[in-house]
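Asks: Given only the sequences and the hints, what does the whole structure look like? Please build it.
Residue numbers (my numbering), protein chains in the order written: chain Z, 59 to 540; chain P, 59 to 540.
Some clues are possibly wrong.
Same chains, same names: a pair is fine if it fits in one copy or spans any two.
In silico SDA-like cross-links for lysine to any residue, where the CA-CA straight-line distance does not exceed 25 Å [stated by the list, open to error]: (1) Lys417 to Glu215; (2) Lys298 to Val92; (3) Lys372 to Asp514; (4) Lys70 to Glu163; (5) Lys430 to Ile63; (6) Lys115 to Leu420; (7) Lys228 to Glu408; (8) Lys123 to Leu371; (9) Lys453 to Val66; (10) Lys118 to Glu373; (11) Lys119 to Asp514; (12) Lys108 to Glu377; (13) Lys374 to Lys429; (14) Lys479 to Ser469; (15) Lys428 to Glu455.
Note that these hints are calculated values from the structure, not bench results.
Protein chains: 2
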Amino acid sequence: MAEEIFNVKKDKNPSEWFTEIIKTAELADMRYGVKGFLVFQPWSVESMEKMYYHLEKNLKKRGHKKYWFPTLIPEKNFKLEGKHVEGFTPEVFWVESAGNEKLEERLALRPTSETAFYSMFSTWIRSYKDLPFRTYQRANVFRYDTKMTRPFLRSREFHWIETHCAFATKKAAYENVLDDMRSTKDVVFEVYGVPTLVFQRPQWDKFPGADNTYGADAITPSGKVIQQPSTHMLGQNFSKPFNVTFTDENEKEQHAYLTCYGPCVSRIFASVVLTHGDDKGLRFPFEIAPLQIVIVPILADKEPKVLVEAEKLKEKLEEEGFSVEIDDSDKRPGEKFYYWEMKGVPIRVELGPRDLAKKKVLLYRRDTEKKKEIAIKDIIKEVQKNGEELSKNLKKEANDNFKGIIKDCKSIAEVKKVVGKGIARANFCTCEMEGEACAEKIEKETGGEVRGIRIDTEEKAKGNCIVCGKKATQVIYIAKSY
Amino acid sequence: MAEEIFNVKKDKNPSEWFTEIIKTAELADMRYGVKGFLVFQPWSVESMEKMYYHLEKNLKKRGHKKYWFPTLIPEKNFKLEGKHVEGFTPEVFWVESAGNEKLEERLALRPTSETAFYSMFSTWIRSYKDLPFRTYQRANVFRYDTKMTRPFLRSREFHWIETHCAFATKKAAYENVLDDMRSTKDVVFEVYGVPTLVFQRPQWDKFPGADNTYGADAITPSGKVIQQPSTHMLGQNFSKPFNVTFTDENEKEQHAYLTCYGPCVSRIFASVVLTHGDDKGLRFPFEIAPLQIVIVPILADKEPKVLVEAEKLKEKLEEEGFSVEIDDSDKRPGEKFYYWEMKGVPIRVELGPRDLAKKKVLLYRRDTEKKKEIAIKDIIKEVQKNGEELSKNLKKEANDNFKGIIKDCKSIAEVKKVVGKGIARANFCTCEMEGEACAEKIEKETGGEVRGIRIDTEEKAKGNCIVCGKKATQVIYIAKSY
Numbered sequence: 059m060a061e062e063i064f065n066v067k068k069d070k071n072p073s074e075w076f077t078e079i080i081k082t083a084e085l086a087d088m089r090y091g092v093k094g095f096l097v098f099q100p101w102s103v104e105s106m107e108k109m110y111y112h113l114e115k116n117l118k119k120r121g122h123k124k125y126w127f128p129t130l131i132p133e134k135n136f137k138l139e140g141k142h143v144e145g146f147t148p149e150v151f152w153v154e155s156a157g158n159e160k161l162e163e164r165l166a167l168r169p170t171s172e173t174a175f176y177s178m179f180s181t182w183i184r185s186y187k188d189l190p191f192r193t194y195q196r197a198n199v200f201r202y203d204t205k206m207t208r209p210f211l212r213s214r215e216f217h218w219i220e221t222h223c224a225f226a227t228k229k230a231a232y233e234n235v236l237d238d239m240r241s242t243k244d245v246v247f248e249v250y251g252v253p254t255l256v257f258q259r260p261q262w263d264k265f266p267g268a269d270n271t272y273g274a275d276a277i278t279p280s281g282k283v284i285q286q287p288s289t290h291m292l293g294q295n296f297s298k299p300f301n302v303t304f305t306d307e308n309e310k311e312q313h314a315y316l317t318c319y320g321p322c323v324s325r326i327f328a329s330v331v332l333t334h335g336d337d338k339g340l341r342f343p344f345e346i347a348p349l350q351i352v353i354v355p356i357l358a359d360k361e362p363k364v365l366v367e368a369e370k371l372k373e374k375l376e377e378e379g380f381s382v383e384i385d386d387s388d389k390r391p392g393e394k395f396y397y398w399e400m401k402g403v404p405i406r407v408e409l410g411p412r413d414l415a416k417k418k419v420l421l422y423r424r425d426t427e428k429k430k431e432i433a434i435k436d437i438i439k440e441v442q443k444n445g446e447e448l449s450k451n452l453k454k455e456a457n458d459n460f461k462g463i464i465k466d467c468k469s470i471a472e473v474k475k476v477v478g479k480g481i482a483r484a485n486f487c488t489c490e491m492e493g494e495a496c497a498e499k500i501e502k503e504t505g506g507e508v509r510g511i512r513i514d515t516e517e518k519a520k521g522n523c524i525v526c527g528k529k530a531t532q533v534i535y536i537a538k539s540y
Numbered sequence: 059m060a061e062e063i064f065n066v067k068k069d070k071n072p073s074e075w076f077t078e079i080i081k082t083a084e085l086a087d088m089r090y091g092v093k094g095f096l097v098f099q100p101w102s103v104e105s106m107e108k109m110y111y112h113l114e115k116n117l118k119k120r121g122h123k124k125y126w127f128p129t130l131i132p133e134k135n136f137k138l139e140g141k142h143v144e145g146f147t148p149e150v151f152w153v154e155s156a157g158n159e160k161l162e163e164r165l166a167l168r169p170t171s172e173t174a175f176y177s178m179f180s181t182w183i184r185s186y187k188d189l190p191f192r193t194y195q196r197a198n199v200f201r202y203d204t205k206m207t208r209p210f211l212r213s214r215e216f217h218w219i220e221t222h223c224a225f226a227t228k229k230a231a232y233e234n235v236l237d238d239m240r241s242t243k244d245v246v247f248e249v250y251g252v253p254t255l256v257f258q259r260p261q262w263d264k265f266p267g268a269d270n271t272y273g274a275d276a277i278t279p280s281g282k283v284i285q286q287p288s289t290h291m292l293g294q295n296f297s298k299p300f301n302v303t304f305t306d307e308n309e310k311e312q313h314a315y316l317t318c319y320g321p322c323v324s325r326i327f328a329s330v331v332l333t334h335g336d337d338k339g340l341r342f343p344f345e346i347a348p349l350q351i352v353i354v355p356i357l358a359d360k361e362p363k364v365l366v367e368a369e370k371l372k373e374k375l376e377e378e379g380f381s382v383e384i385d386d387s388d389k390r391p392g393e394k395f396y397y398w399e400m401k402g403v404p405i406r407v408e409l410g411p412r413d414l415a416k417k418k419v420l421l422y423r424r425d426t427e428k429k430k431e432i433a434i435k436d437i438i439k440e441v442q443k444n445g446e447e448l449s450k451n452l453k454k455e456a457n458d459n460f461k462g463i464i465k466d467c468k469s470i471a472e473v474k475k476v477v478g479k480g481i482a483r484a485n486f487c488t489c490e491m492e493g494e495a496c497a498e499k500i501e502k503e504t505g506g507e508v509r510g511i512r513i514d515t516e517e518k519a520k521g522n523c524i525v526c527g528k529k530a531t532q533v534i535y536i537a538k539s540y
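Replies: Structure below.
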């Protein structure tokens, strides 16, 4: 019997499982030699490219235009918004020389690009007729994060999309922020199969320079959260120092309201891996699998007839837009099966001389782990159908895992029992700045962080804050985060 | 009558034309505030994204796997290959601090990624069975170019693809280099419509660290050349310091042969603009147009019936994968026509109430500047057909311009008359290092550069070198370059 290539109990130790699957499936290589920088390998890159495709499609549908901005931001621009510079300065990589010359002005390696975009917005936006003005770019950004780095989850260079939008009114800006969150749910759950909760973050945890920050949290089967895309209501905080103004309908000069949104694809990919993987390895929803179908010729694998048919099948499937590979290596079939299951390929097609004689193939599904015989002539239809079913199935499983993970807690002691294994929900004084002391107490005593108040559902606080005992005004969620 | 938005005689002053069209068509904004760094705007970005798509498709078909490497390269790796570091050091941007700390080791902002890839190749490649090993990444790179910067043509951050491949033999590596050049011609001419000549560069003009460099040159209608993708035969120059070895079939340790190839998309885009544009503005081949079809509702443009039909047409065309916009702005039709012609949209569809009544629309083509009436039911077929014809037509025109641009020259004086307006062809002593003095004389006296010897056609030298009078061994091409 062929040996299994991967068998790590995911439920027992999700962290170890994650580290091991990154190596075994060749998702990323950590041996590059610069702390926090890694090499993303083809198996993660192809999946993340598909993830980008769906995010960008959604943004374009919502009217965002694509730009490529410079990676470097002049220090004087970077420093224009006080809170922003204060928040980001400890994390900025600086370019200080070029060739053998010292630069006249230091250049920041963008940790995020508000200060690059808004310096141009002031040039491009003139009148209310130019608004709403919706832009985005796909980019890599750099942060000198001093916490422990972890591949995909926390690294010093990461791959994301950032949108930057300008509006005439606060209301229009706020609607855009809600729309960002709605479409996050659409893509992240509907396409990637990762369920999320959507929060307004506490005031002490917002983006430097924002009035408010909203963020989605994915919940891994183990009960920890992974921060998903955030969107920031910047109000007029940036439009004032950057002079982003427009002439309104009454010919009056006004400052625009700005918003920004940052889905971090390399981090969402970690949620995909952690949400769907099992003890055998990776599993991917059909739409974002790096490879959708692998064809394994059986027994007489070098027999021309079987290989010719495999090639024909591949071509036929590729014409329909599926990604397909034939594994005609020298390995035994059992080894091939284990390998591609570990890699998370949704559908395997096996064909041997006997199948061929019957004009049939075997179709194996990674989610159900079952095989069935199908007629070659039905292959397109069957692949399409099974691909859709698999994605639906993974989503259902993820949602089921989600249930029961939120526990109502009436005291810090109860919160302590929950966090790490689940999400605690509790009554709380306030997520305004006055509540920070209570949140710090929670974090110190339980290891969990206050994630904020839900905006995707309405919840009313009852009774008193579980920390200070004052009248509760909000329902908060507390969790450990990756 | 509507006013023309753009009317610059391209033949008279191509440089001025290029500068003006970048502004008027909003291809890039140079007001970012850091020398050599510009903001690429949606109209160029969408076209370049399509250009990337075709290049990547070709690379994948040839077995290249996609990676994302870090942007930063540690100084010690960067310095491993002597000639490479010597060639690139004057152009490197250095990251020297992060947060408030000085970094222990300086990090180079990649000017190119040989030293990043090959440090990993040494980890990944073990046996002859791993070869050929073909990789690529799409990336932005940084060079502190001290020459005058020009948008798209020469900037300090540019957008390219770089491939890095390893082979067991020199022969296999050389075949790959030729394949790079063949596929360059395939994509750059067949899809982008830009004709090129392919050269082996003189020894004094090769990539730092290469045995030989091969490069394609596009020739603009004005007779100057624009360097297109180059490919480099690195031999074992990098595999030795980076320890890229494999065990051969006889269990002997060998150094691999490496090649790299770098199509610079933002620069090829300049060739597309300069090759196809005319006095009215941009023209794009159908496959890489930022927008393929614009629908202009006529006269009763706010009449619901016409707009409803326009929306229906848009949807129908988008379903087939075409990119489509409706211009329902308040401008007069004539203004809209000029605007979209300047923007280079290949096909315009006009429809008004009278057309609707006849179930027809008018289809305008940017290349022929002619309109014809077509039945609405035939729209998909007609758009497809006209798109293909337009691309073919632009290619033919570009090829025709190409003809007669190469002139045989028998003396430096003759070369001087040709360069700037065309390409000089001449007999030459040698493109080995011994010939450098002759090349320098040519450059000094004519302003033209020796581009190398052709590898896409066979040419035999006759007589003597036009400079030193020694027996000629090679036929060279001399041109001014952008």
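Asks: Which numbered conditions among the earlier hints are violated in the structure presented, ordered from lowest to highest?
Replies: Hints 1, 3, 4, 6 and 7 contradicted; others consistent.
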